[in-house]
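Enquirer: Protein chains in written order, with numbering that gives the first Met the number 0: chain A, 0 to 163; chain B, 0 to 67.
Don't read these hints as lab results, they were simulated from the structure.
Please note that the accuracy of each hint is not assured.
Taking lysine-lysine and the DSBU-like style, the derived pairs with C-alpha atoms no more than 30 Å apart in a straight line are [to be verified]:
| # | chain 1 | residue 1 | chain 2 | residue 2 |
| --- | --- | --- | --- | --- |
| 1 | A | Lys-40 | B | Lys-36 |
| 2 | B | Lys-52 | A | Lys-40 |
| 3 | B | Lys-53 | A | Lys-106 |
| 4 | B | Lys-66 | A | Lys-68 |
| 5 | A | Lys-59 | B | Lys-36 |
| 6 | A | Lys-99 | A | Lys-146 |
| 7 | A | Lys-106 | B | Lys-30 |
| 8 | A | Lys-146 | B | Lys-53 |
| 9 | A | Lys-56 | B | Lys-20 |
| 10 | A | Lys-11 | B | Lys-49 |
| 11 | A | Lys-56 | B | Lys-53 |
| 12 | B | Lys-49 | A | Lys-56 |
| 13 | B | Lys-52 | A | Lys-11 |
| 14 | B | Lys-66 | A | Lys-40 |
| 15 | A | Lys-144 | A | Lys-56 |
| 16 | B | Lys-53 | A | Lys-144 |
Taking beta-carbon pairs under 10 Å as the criterion, some of the chain B residues facing chain A (in silico) [what the hints assert, rightly or not]:
| # | residue |
| --- | --- |
| 17 | Met-27 |
| 18 | Thr-58 |
| 19 | Pro-63 |
Don't be surprised by glycine CBs; every beta carbon is placed ideally from N, CA and C.
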Amino acid sequence: MVLRLRPYPIQKIDEFTYGFTTSKGIEYYCSFLSYAEYFAKHPDIAPYFFSFNLTLKDRKIKLPPGTDKRIADTVVSIVGDFLISQTNAVVYVCDNSDGKESARARKFLSWFNYIDHPSSNIIEVTSNFNAGGMFIYSSLLVNKKNKRFTEMVMAYLELTDDDK
Amino acid sequence: MPSVSVKAKKTVRTKRRAKAKPMTKLEMVQKMLADQKIIREAIQNGIPLKELKKTHGLTFATLPNPKN
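Go ahead and model the full structure; you've got the sequences and the hints to work with.
Expert: Below is the structure:
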């Protein structure tokens, strides 16, 4: 898919948080939480795993109907730039607290099908898995030029291997 | 025979810590989702993420200035 990205202006809220506001005045915050603890078996690469969090600033706000394509563009820019270092990897685990995890997973996956942004260098590995009867949608995003690419993918697949 | 006093060897008592059990897959997923909730609630209550390091031991990536 060839698309021109039109991200919203991104603000740095503090050293760990980015924020952006949509044309409808809806404010989102983004952060990357360390996932090193889940990759303890791989101490060389563990510090480079993060999860991506996208949060509505105001929980009471009612989202307008329809899709705001620019939210996707903004997220792709943020995650693409985070991975441009070619050392980090991002694990995305879909929140299942509201029963909308499959729609959330589909949406997230569709966001990274661009070819005109540094994100075109991002490889997406999807591994949905079962954990104690709970079905979990997850993906790994890693820059294909990352020197530890294979190790990172293997470590992620090991982590998300189904319960035996 | 001269008496020899033997000093008792100083020993340092250390608390034995239970070896951390590896997390099960379910525990891991529950923690991932619980951490997401902690982050969401912190943001929605105006608590800076650096506070979560102190209160919940969560570590975040330090972000550069956005390119825009």
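Enquirer: A separate judgement is required for each hint: does it hold in the structure or not?
Expert: Outcome of the hint check:
1. Between A/Lys-40 and B/Lys-36, the direct Cα distance comes to roughly 26 Å. Compliance with the 30 Å bound is thereby established for this hinted pair.
2. Taken as a hint, the B/Lys-52 and A/Lys-40 pair is honoured in the structure, with Cα atoms around 23 Å apart against an allowance of 30 Å.
3. Distance restraint check for B/Lys-53 and A/Lys-106: the Cα-Cα separation of roughly 33 Å exceeds the 30 Å cut-off, and the hinted pair is therefore not satisfied.
4. For the suggested pair B/Lys-66 and A/Lys-68, the alpha carbons sit about 20 Å apart, so the restraint of at most 30 Å is met.
5. With a C-alpha separation of about 15 Å, the suggested pairing of A/Lys-59 with B/Lys-36 holds against the 30 Å cut-off.
6. Between the alpha carbons of A/Lys-99 and A/Lys-146 the distance comes to roughly 35 Å, so the proposed pair goes past 30 Å and is violated.
7. Annotation: proposed proximity of A/Lys-106 to B/Lys-30 holds, straight-line Cα distance about 23 Å (limit 30 Å).
8. About 33 Å separates the Cα atoms of A/Lys-146 and B/Lys-53, which puts this hinted pair outside 30 Å; it is violated.
9. Between A/Lys-56 and B/Lys-20 the alpha-carbon distance is near 36 Å, which puts this suggested pair outside the 30 Å criterion.
10. The suggested pairing of A/Lys-11 with B/Lys-49 holds, with an alpha-carbon distance near 14 Å, which does not exceed 30 Å.
11. Distance hint between A/Lys-56 and B/Lys-53 is fulfilled; the C-alpha atoms sit about 22 Å from each other, no more than 30 Å.
12. Of the supplied pair hints, the one linking B/Lys-49 and A/Lys-56 holds, its CA atoms being roughly 17 Å apart against a limit of 30 Å.
13. A distance of roughly 19 Å separates the Cα atoms of B/Lys-52 and A/Lys-11; the hinted pair therefore holds under the 30 Å criterion.
14. Between the alpha carbons of B/Lys-66 and A/Lys-40 the distance comes to roughly 35 Å, so the proposed pair goes past 30 Å and is violated.
15. For the proposed pair A/Lys-144 and A/Lys-56, the alpha carbon gap of about 34 Å is over 30 Å, so the pair is violated.
16. For the hint linking B/Lys-53 to A/Lys-144, the alpha-carbon distance of about 35 Å lies beyond 30 Å, and the restraint is violated.
17. Checking B/Met-27 against chain A: minimum C-beta separation of about 6 Å stays under 10 Å; hint holds.
18. Of the supplied interface hints, the one on B/Thr-58 holds, with its beta-carbon coming within about 4 Å of a beta-carbon of chain A, less than 10 Å.
19. Interface hint at B/Pro-63: satisfied, since its Cβ lies 8 Å from the closest Cβ of chain A, which is below the 10 Å cut-off.
Checked against the numbered hints above, the structure violates hints 3, 6, 8, 9, 14, 15 and 16; every other hint is satisfied.
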